[in-house]
Amino acid sequence: MALLQISEPGMSAAPHQHRLAVGIDLGTTNSLIATVRSSMSTILQDDFGHALLPSVVRYMPNGDIVVGHEAQAHQSEDPINTITSVKRFMGRSLNDIANKAHIPYRFVEGTDSTTTRSLQLQTRAGLKTPIEISAEILKALKARAEKSLGGELVGAVITVPAYFDDAQRQATKDAARLAGLNVLRLLNEPTAAAVAYGLDNAAEGTFVIYDLGGGTFDVSILRLSKGVFEVLATNGDAALGGDDFDQRIYCWVLDKVRETNANFSPLNEEDTRLLLTKARQAKEWLTDNFEAQIVCKLNNGTLVDVTLTAPQLVEVTEHLVSKTLSPTRKAMRDAKLNLEDINGVVMVGGATRMPHIRHAVQEYFKQEPLTNLDPDKVVALGAAIQANILAGNKSDDDLLLLDVTPLSLGLETMGGLVEKVIHRNSTLPIARAQEFTTYKDGQTAMSVHVVQGERELVSDCRSLARFELRSIPPMAAGAARIRVTFTVDADGLLSVSAREQSTGIEAHIEVKPSYGLTEDEITSMLKASFNSAEDDKKARMLAEARVNAGAIISSVSAALAVDSNLISATEIEAIEAEIKKLQALTTAEDATAINQAVDTLNHATETFAAARMNASVSRALAGKNLDSINL
Amino acid sequence: MQNTPINYFELFAIAEQFDLDETTLESNFRKTQSANHPDRFISAPASEKLVAMQLATLANEAYSVLKSPAKRAKYMLEQHSIDAIADTNTAMPAEFLMQQMEWRERIEDAKMARNIAELDEIAGELKLETNSLINELHELLDIKKDLTSATAVTRKLIFIDKVCADIDQVIEQLDD
Chain V
1 MALLQISEPG
11 MSAAPHQHRL
21 AVGIDLGTTN
31 SLIATVRSSM
41 STILQDDFGH
51 ALLPSVVRYM
61 PNGDIVVGHE
71 AQAHQSEDPI
81 NTITSVKRFM
91 GRSLNDIANK
101 AHIPYRFVEG
111 TDSTTTRSLQ
121 LQTRAGLKTP
131 IEISAEILKA
141 LKARAEKSLG
151 GELVGAVITV
161 PAYFDDAQRQ
171 ATKDAARLAG
181 LNVLRLLNEP
191 TAAAVAYGLD
201 NAAEGTFVIY
211 DLGGGTFDVS
221 ILRLSKGVFE
231 VLATNGDAAL
241 GGDDFDQRIY
251 CWVLDKVRET
261 NANFSPLNEE
271 DTRLLLTKAR
281 QAKEWLTDNF
291 EAQIVCKLNN
301 GTLVDVTLTA
311 PQLVEVTEHL
321 VSKTLSPTRK
331 AMRDAKLNLE
341 DINGVVMVGG
351 ATRMPHIRHA
361 VQEYFKQEPL
371 TNLDPDKVVA
381 LGAAIQANIL
391 AGNKSDDDLL
401 LLDVTPLSLG
411 LETMGGLVEK
421 VIHRNSTLPI
431 ARAQEFTTYK
441 DGQTAMSVHV
451 VQGERELVSD
461 CRSLARFELR
471 SIPPMAAGAA
481 RIRVTFTVDA
491 DGLLSVSARE
501 QSTGIEAHIE
511 VKPSYGLTED
521 EITSMLKASF
531 NSAEDDKKAR
541 MLAEARVNAG
551 AIISSVSAAL
561 AVDSNLISAT
571 EIEAIEAEIK
581 KLQALTTAED
591 ATAINQAVDT
601 LNHATETFAA
611 ARMNASVSRA
621 LAGKNLDSIN
631 L
Chain H
1 MQNTPINYFE
11 LFAIAEQFDL
21 DETTLESNFR
31 KTQSANHPDR
41 FISAPASEKL
51 VAMQLATLAN
61 EAYSVLKSPA
71 KRAKYMLEQH
81 SIDAIADTNT
91 AMPAEFLMQQ
101 MEWRERIEDA
111 KMARNIAELD
121 EIAGELKLET
131 NSLINELHEL
141 LDIKKDLTSA
151 TAVTRKLIFI
161 DKVCADIDQV
171 IEQLDD
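Sequence lines, in order, name chains V and H.
Just so we're aligned, residue 1 is where the first sequence starts under my numbering, counting upward by one.
Just so we're aligned, residue 1 is where the second sequence starts under my numbering, counting upward by one.
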């Protein structure tokens with residue numbers, strides 16, 4: 001079969017050194033970090049042998065920040081300054097948060113009055129955004145990895161719930177930047193789990209990943225074939241997880257206490273956190289036992305002593321279980337599959353340990369779910385495998401992930417209606433253009449409002465960004481042709497551009513949702529955290545620049561060795577001259593100069609690259625030119 | 001430099017005809033992505049990465065068009081400069097329009113009655129109708145090369161696709 005075959009650049013170059021890359025599962029309840037060592041994906045443990053890092057951050061009275069088990073141990077005594085489940089607040093404004101009364105934090109509305117902004121939490125260390133709090137968890141994991149691997153990380157793959165919207169993805173990326181991590185890719189959690197499961201079991205066929213974590217629910221359907229992991233459909237609920245089961249038990253306990261104690265006063269923050277912790281422990285205990293005792297003494301002197309049985313747990317959380325089945329049915333419909341097409345259902349996330357969840361899944365799919373991998377670790381293990389590949393390390397697992405957009409993307413049109421431009425479950429990367437026109441005679445500007453969601457009304461969708469296309473020449477209503485192009489990259493992040501067709505006037509925006517941080521905020525936060533370590537930062541930048549330079553020199557040299565016949569002698573000379581210049585610079589200490597020389601070399605090879613791609617493509621496409629790709 | 005867009009069928013090295021083998025399309029799509037996806041060009045110069053990204057985007061678009069019979073037929077007609085959904089192509093047989101209205105009324109009734117089984121039933125009937133239109137298109141596009149009739153049938157198929165999408169949406173709303 002004459003298909004496009006292009007040799008991998010750099011394949012014939014000298015084998016380069018192993019580049020340190022990690023996969024991070026930034027979870028609601030627990031976070032993990034993993035790496036590929038000697039071809040095996042491995043979870044990195046802390047000094048005490050813990051694999052899981054509780055996603056808990058405590059701001060100490062002396063200004064220190066403590067993350068993990070130590071912070072978790074003090075959550076009941078210092079709830080306001082000890083933040084758990086911060087992932088639920090990522091990319092969210094205050095209005096988005098349900099159950100505020102039962103969450104023991106001091107929420108503050110975002111400060112920018114013009115747009116909806118991310119919520120903030122009042123702690124003794126001041127106002128903190130969820131992005132900053134998440135960055136503390138990432139910093140702790142990064143430190144663990146660098147200690148364990150003995151070197152600087154080239155980059156990280158960070159997992160996000162498949163059903164995270166653009167705002168939540170941007171927030172996660174911002175948190176990674178604050179933590180000083182180079183993000184190789186944001187990877188959907190169920191896809192990461194499928195990679196670990198698929199490789200481990202040499203699975204081929206169609207698989208469902210049912211992923212119920214601490215705060216989010218995802219369901220993805222993937223086709224696994226010869227190393228290609230193709231997501232057919234994904235769905236979920238970004239605000240449904242194990243935490244909600246704790247919450248239900250907590251409310252049940254409060255009701256029980258009120259039955260015997262009519263004058264029961266509202267709980268303070270310490271008691272709320274204490275009872276929530278007891279609820280979680282009871283839930284976990286009931287996985288292997290018939291009944292759980294919940295005993296504790298509250299600050300107001302009330303003694304709580306109630307018994308929760310497994311059937312009672314099923315009863316009070318039944319509607320949460322059925323809430324996971326609706327997205328599951330949607331994903332099955334979108335994938336256009338019947339139950340008998342499914343070769344296996346993989347359970348992921350700590351909450352899937354609950355027996356009644358397993359029963360419900362088994363009943364729906366009419367097959368026993370697969371639970372042979374640790375549901376807590378499988379996401380991080382898969383992320384590490386993808387990180388290893390994206391860092392440029394050669395791998396035996398020649399796998400490719402084709403993921404999709406979880407939610408439709410569209411524009412506001414007249415009357416507050418949404419016109420969808422990219423439909424959910426479209427394979428990434430994707431670019432789609434649609435033409436719009438003016439509404440009034442002589443209209444010279446157009447406001448482009450980008451939204452995400454499935455509903456018909458703009459007010460029911462999430463607003464991602466607004467920008468304006470100005471200087472449209474005055475024309476009769478309906479005469480202007482404005483072409484709006486949506487592009488979603490492999491991270492699932494969106495950029496939008498608009499162009500008036502007759503004049504060529506353009507406007508472009510990287511969609512930076514108002515829930516994220518502004519560029520200035522990130523810069524000043526980064527400055528603050530790097531002030532003491534400015535030299536480290538310089539050293540790291542130099543090291544990264546050198547690694548990049550080495551990689552491009554070897555890949556261009558390898559390409560010249562094979563395909564130099566495609567370009568003229570003058571062009572070859574020009575490229576070789578740039579290679580020499582870059583080589584000379586790599587021994588110097590100036591990262592900026594190296595990066596500039598890399599850019600120059602990149603630029604010098606553009607014609608060559610196009611010629612090489614053309615040569616390979618033309619083998620299959622009988623003379624068609626690649627410049628003619630019309631997106 | 002010529003400016004002919006790459007033909008979707010050629011991209012996946014399959015014969016340009018309406019009746020295509022879905023298994024071959026699927027496996028060639030995977031092979032194309034496997035060879036050209038940007039993730040395969042991690043340490044390549046930015047210029048090659050960009051081309052890989054464009055090619056991957058094109059392959060995704062081409063695959064989504066070819067695997068849907070309605071989009072595939074519309075695309076094949078576009079290759080002959082026929083826009084199946086152009087405003088000038090509005091003529092629809094009265095009989096088909098009546099049928100359409102009937103389906104839409106039944107969907108509306110089922111929605112009011114929250115009757116998902118009835119919606120599934122209508123979806124099943126539409127599936128049968130789709131299959132017969134697909135057979136007609138194979139005949140018209142691949143054998144008779146009758147583009148005028150093919151355009152009319154393609155329009156019907158596109159309409160039915162829309163009705164099916166509406167049914168899915170109603171089922172989804174009722175399911176929530």
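Treat each hint with caution, since some may be false.
Unchecked claim - Result set (PhoX-like, lysine-lysine): computed pairs, CA atoms no more than 25 angstroms apart in a straight line:
no.	chain 1	residue 1	chain 2	residue 2
1	V	Lys226	H	Lys127
2	V	Lys420	H	Lys162
3	V	Lys394	V	Lys226
4	V	Lys394	H	Lys67
5	H	Lys127	V	Lys336
6	V	Lys420	H	Lys31
Unchecked claim - Partial list, derived from the structure: chain H residues whose beta carbon lies under 10 angstroms from chain V:
no.	residue
7	Asn36
8	Ala91
9	Leu97
10	Met98
11	Gln99
What the hints assert, rightly or not - Beta-carbon label-pair distances, calculated as ranges:
no.	chain 1	residue 1	chain 2	residue 2	range
12	V	Arg106	H	Gln100	32 to 40 angstroms
13	V	Arg470	H	Glu172	48 to 56 angstroms
14	V	Glu571	H	Asp176	54 to 62 angstroms
15	V	Arg470	H	Gln169	18 to 26 angstroms
16	H	Phe96	V	Ala477	43 to 51 angstroms
17	H	Gln79	V	Asp200	40 to 48 angstroms
18	V	Asp398	H	Glu121	20 to 28 angstroms
19	V	Glu318	H	Thr23	58 to 66 angstroms
20	V	Phe107	H	Gln79	56 to 64 angstroms
21	H	Glu121	V	Ser502	43 to 51 angstroms
22	H	Ala15	V	Glu318	37 to 45 angstroms
Hints were generated in silico from the structure; no laboratory data involved.
C-beta: ideal position from N, C-alpha, C; glycine also.
Please name the hints from earlier in the document that this structure breaks, with their numbers sorted from lowest to highest. 1, 4, 6, 8, 9, 10, 11, 12, 13, 15, 16, 18, 19, 22
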